[in-house]
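Whole structure, please, built from the sequences with the hints as guidance.
Protein chains: 2
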Amino acid sequence: MKTLYGVGVGPGDPDLLTLKAIKVIRSADYVFVPRPKPDKQGMAEAIAAEYLQGKRVITLHFPMGPDNVDLYKRTAETLDRTLKDGESGAFITIGDPMTYSTFTYVMFEAQNLDMQCVLVPGISTCNATAAALQMPVTIKGESFYLADGSVDEEVLRRVQSVCVLKPRKQSAETLEKLEKYGFEYRYIKRCSFPDQEIWCDRRAIEEDRDYMSALFSRKRG
Amino acid sequence: MKTLYGVGVGPGDPDLLTLKAIKVIRSADYVFVPRPKPDKQGMAEAIAAEYLQGKRVITLHFPMGPDNVDLYKRTAETLDRTLKDGESGAFITIGDPMTYSTFTYVMFEAQNLDMQCVLVPGISTCNATAAALQMPVTIKGESFYLADGSVDEEVLRRVQSVCVLKPRKQSAETLEKLEKYGFEYRYIKRCSFPDQEIWCDRRAIEEDRDYMSALFSRKRG
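From first to last, the protein sequence lines stand for chains A and B. Mind the numbering: the first sequence is residues 1 to 221 in our numbering, read in order. Mind the numbering: the second sequence is residues 1 to 221 in our numbering, read in order.
There's no promise every hint is true.
As the list claims (entries may be wrong) - Some residues of chain A that are not near chain B, with every Cβ distance over 10 Å (derived):
1) T18
2) P36
3) Q41
4) E45
5) V57
6) D67
7) S88
8) D96
9) E109
10) I139
11) K140
12) D152
13) R158
14) E207
15) D208
What the hints assert, rightly or not - Within a straight-line C-alpha distance of at most 20 Å, the following computed DMTMM-like cross-link-like pairs (lysine to aspartate or glutamate) qualify:
16) B:K140 - A:D67
17) B:K140 - A:D70
18) A:K23 - B:E50
19) A:K219 - B:D152
20) A:K23 - B:D13
21) A:K140 - B:E109
22) A:K140 - B:D152
23) B:K140 - A:D152
24) B:K219 - A:D114
25) A:K140 - B:D210
26) B:K219 - A:E154
27) A:K180 - B:E154
28) A:K23 - B:D67
29) B:K140 - A:E142
30) A:K140 - B:D13
31) B:K169 - A:E142
32) B:K180 - A:E154
33) A:K140 - B:D70
As the list claims (entries may be wrong) - Incomplete in silico selection of chain B near chain A, CB under 8 Å:
34) D13
35) A49
36) G54
37) S143
Don't read these hints as lab results, they were simulated from the structure. Glycine is no exception: its CB is placed at the ideal position from the N, C-alpha and C atoms.
Structure below.
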């Protein structure tokens, strides 16, 4: 049996790694590191850099863009070819491996190849954002909606808080809906990184196209 | 200025603490520890036990039950009286401090007393549950709904995945709604603890009243 760990390394601050993530990276036979460009350090790689020293690191080319089933299949085949029976590999991924992560697709393909998958949850950008803004994700009796890109108006009517990851192209439309339903919002760029920024200005948010961004909002009480 | 840290210690497994949580606990002048019964170790306290050795620990009585504004106000006053100007206290809390946590209310009261609050996000039960079940919280283009107790049918119609924390008394009604909208569900008890259990049987789930439980579900593809 070959074991593939999906390891969430958190939103950006290396101190937001869990002890479990570090232990799994340290004990794995290989560490698999996704890179949007082959010769440029990836984000998960930068966050976990300290723990990659002395490890057998395999970089994997993951270009930005639409989902690519072939790529996930080929990636799983690479992982399967790399590991010998009884060996383990830690695939590191930013945030949480089950929340808007391409690792999810790789996991499904690896399971098709009979690899044993084990997940190590990570601090998601959504929780890090709520912490940075001191705005509750949820309090007792309330509910929360997490979306990427666009939001559903009917859901906005019925929940008290919302986080939209990568609002980019649809942000003008999203902000209009949030205002319509009485939400107060903040826009956060590069949450938990040293250059984190928090914006409130609607026009500025609408014009921004940063990939590492989130819109967090709560209904006015 | 007095600083109050709200420190999420994760869902149960001590290895799911972040480095940041450990650093803040270790460097704080005091650690504040909530207990449902005065003479019984609290859950956050058990999870972080290793890092409390040699610390000045102040236990706070937090009985289970409905929210209690007076209690949160009195707690904030206790924190304020304990800390001298320039000192810091780490209030530890299970999961994430902004997700269904009584710490949220304590934070608001502490802010009213001009204490500086800083939050350290923790792995939420929701992310740990998704990892244990290998069921995505969200993949690209999908959305997620987090609730406690009861769920809104109209939201279920419009999202792909749902986590209900503490489904207890309303679980029969919730399971009926989930089945109606084509969700596949799993019930998890004491996620990430050594005695974690995963159940699928509707009748058994309906009859269980465990406080440390979550219902996680995704629409069939």
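Check each numbered hint against the structure and report the violated ones by number, ascending.
1, 6, 8, 10, 11, 12, 13, 24, 28, 29, 30, 35 and 36
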